[in-house]
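S.K.: Assemble the complex: chain Z is given as a structure, and chain G must be docked to it using the hints.
Sequences listed follow chains Z and G, in order.
Going by my numbering, the letters in the first sequence line up with residues 1 to 461, in that order.
Going by my numbering, the letters in the second sequence line up with residues 1 to 461, in that order.
Heads up, some of the hints might be wrong.
Given that identical chains are not distinguished, each listed pair holds provided it fits within a single copy or across any two copies.
Below, computed lysine-lysine pairings styled on DSSO-like, alpha-carbon distance capped at 30 Å [to be verified]: (1) 349 <-> 240; (2) 350 <-> 27; (3) 400 <-> 451; (4) 204 <-> 154; (5) 398 <-> 291; (6) 154 <-> 206; (7) 206 <-> 240; (8) 291 <-> 240; (9) 204 <-> 240; (10) 154 <-> 27; (11) 398 <-> 451; (12) 400 <-> 291; (13) 349 <-> 27.
Calculated from the structure, these hints are not laboratory results.
There are 2 protein chains.
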Amino acid sequence: MPANDLLSYSEACAFVARRAERLARAKPAAERVRLTAAAGRVLAETLRASSDQPPFARSTRDGYACRAAEISTHGPLAVAGATRAGDAPSGPLACGVVWEIMTGAPVPRGADAVVMIEHVESAGAAAKPTIRLLPPRTIEPGENIVARGAQARKGDALLPAGTLIGAAQIALAASCGATQLTVYARPRVAILSTGDELVPIAAKPKPGQIRNSSSAMLAAMVSAAGGEPWILPIARDTLKSLDAALARAAAADLLLITGGVSAGKFDLVEPALARLGARFHFTGVRIQPGKPLVFGELPRRRDGPTIDLATNDCAGAPSFPAFFAGKGGKKMSLSYCRIDSSVQRQNGKKCSFLGLPGNPVSSAVTFLLFAAPILAALAGRLHRGPRFALARLTEDVKTKPGLTRFLPAACTFAAPVPEVACVSWQGSGDLAAMALANCYLVVPEDSDRLKAGATVRILLP
Amino acid sequence: MPANDLLSYSEACAFVARRAERLARAKPAAERVRLTAAAGRVLAETLRASSDQPPFARSTRDGYACRAAEISTHGPLAVAGATRAGDAPSGPLACGVVWEIMTGAPVPRGADAVVMIEHVESAGAAAKPTIRLLPPRTIEPGENIVARGAQARKGDALLPAGTLIGAAQIALAASCGATQLTVYARPRVAILSTGDELVPIAAKPKPGQIRNSSSAMLAAMVSAAGGEPWILPIARDTLKSLDAALARAAAADLLLITGGVSAGKFDLVEPALARLGARFHFTGVRIQPGKPLVFGELPRRRDGPTIDLATNDCAGAPSFPAFFAGKGGKKMSLSYCRIDSSVQRQNGKKCSFLGLPGNPVSSAVTFLLFAAPILAALAGRLHRGPRFALARLTEDVKTKPGLTRFLPAACTFAAPVPEVACVSWQGSGDLAAMALANCYLVVPEDSDRLKAGATVRILLP
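The shape of chain Z in the complex, shown without the other chains (with noise of 0.2 Å):
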């Protein structure tokens, strides 16, 4: 296919953005998980505030609460009591005193500011102790106060249904008082490598044969990503094989398939898609790497092979049977990890699918950029796209415009400025290179040269 007639990469950006659109609005399936376990998942009910937060007047400093009209004529003031963090609110403030808190604790009623410790100077018997604001200090009505309900009222809506659940939203949520929360179940993202090349890892490569790596590279990427990775045995390059294990490999979410979507004679994957009753929406792209990239969906197989997810549990532990027993193409029951069979079925009657070329830099780009905005979408969340970020460049970067490149690079993320630099590679099989990278440079397509000291864009993993 001439290279005008692939998609661009912004123009396939924007077409798996709708898909996944649509795709989000199946919902998935909801659970209760522990709130301790669900960091990476996708809240599946709006996270409401259970009551006024603060649920007081609270106080941010250590000092004295008061009357702010009052402590700034600078006149003595004579401290009428204590309020420590966990105290419960005093008050009414009487007129003419002020009142010893602590930061954290409830501002007693009556009172309008807090002056910090730092600013006051203390006079009067220990038994009758004064304070005074230091002139010049003036101080205005609600500092160093938040106010009841200032930050949410209670039933006020937190955080939406499709909110990536991170630390601070466990925060959030345990402030409000819950030790579980519902979250949508992880799609399952089934992992398909074909290639007549491939040996397992366990397996001693013959002359003009490799190691299957690029199928526990994925597994971790869709773990990273929140999905559940399903690794299915080597496919070889025969109808046979290709056939048997797309049908099985239909019953997940999503399909990732690397490998026999070039322009050989081989490239078989296509032709057993197609079989399948694949509709395709795009087969190619104009990036490097990921050019020969395919994405479609299949229909769900009704009359074909059941699996059985309640038996072919793994015990547990993450483990690929078939991916490490070495039984290549000929034993296809489909293997996988960390299965809860209490889950249903997701997202009807579609499996989406993309092919991934097979080099695995290509497969790690190609995942970054639009497998895992369709797995975000397959997963409920509200937020899809790839990340990126600005760094500055150390080293020119010169190419050939006509493609939108991610080259393997390396940034510092540190201060004051995070720099970056590709690494030195030998094209998209460079497997050696892709682990010393952390990132991508993106080049955009009409680019034939990035200059050191620019600010460039990275595509972050």
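M.R.: What follows is chain G alone, placed relative to chain Z:
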């Protein structure tokens, strides 16, 4: 303590980096994990190439292996045979012929280049096919071939010990035949929240009380940073409660304490640490939020209560019994999650501690800036600093100079330009605002204003 007695942000960073460097010299214990469970762990051995990579001269294209000088004459050359991916290498290639080859297949001996199938014209009878390179195109030796060993030679060091393992490193290890990896044991991080105002998550706060959100938040941050979180019961603002809690916590590799480190009358943490023989490195940094930060180290308790790691296991599932049980400061038994009792105690005679400010935004920021590098050192990682990137600011930000500020912010992380803006917040207790942020905007100490449109630095979570 007046502000100019505090360390500047960069002084504190440099100090923590030097301590981390020293801590990293005491290597943690090592353990073997399955390759598929290695994501997020730290490599404890040098990963070496098990063979030349690639193990054979490999075609990067579908096309014809040839001699560059012969084919560049544009004369027709006979197709003498074909090699598919997975086939053993052929050859030697006779003079005046080419050899059909697929992407990933071994190049026949004698060939020095591969011409792409798109660049040739076929002719000849089906039984005696010939091809010629379409003029004016010519080809150089080496084109579309990755030479044997071009990426690595057998025995080459591919990754040093101390490398964080992610998807790319898993792929590289898989290509070397590693089904298991030797990784460092995760450092144990005790988390102790202090304060009479705190109640457990499941409890209903009385007036003046709030739920302990920090422990769950920090546990999630510790897990994400590669540590084993141990959540201790809330400690009360009494000498007895703090002394008991700290004595037990000093069995950890790192102790994170929240609250009790400001200038208030009931801020008893520093005196309690001093009673245990703490050495204080610093007790404040000119940052906002997070100024009253305390960093130091405790001697390990040899005569103190022993923690039986082997029997105190929480039986697999992540759980924080004492944390949820609501026993408060009364029951002081250590509780933790996901302990692997086979792992030996690490890193010698000292327990590093960080006293983080009690407000959750302050705790989160100081964790990222200071606790994460110490944790990374204790985990044996080579790269340890907090992670920064650049983005474009969309709204003016005004502050007062004198403190380096880390303001909760939302970044689009999107193409073409990642844009960031501060999240509206009510101070460092505002969990709701923090949960809507996905990074922190860095405002340098000498800056009073960042302008919309500027390229600014963000702290990544």
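S.K.: Which of the stated hints cannot be reconciled with the structure, identified by number in ascending sequence?
M.R.: none
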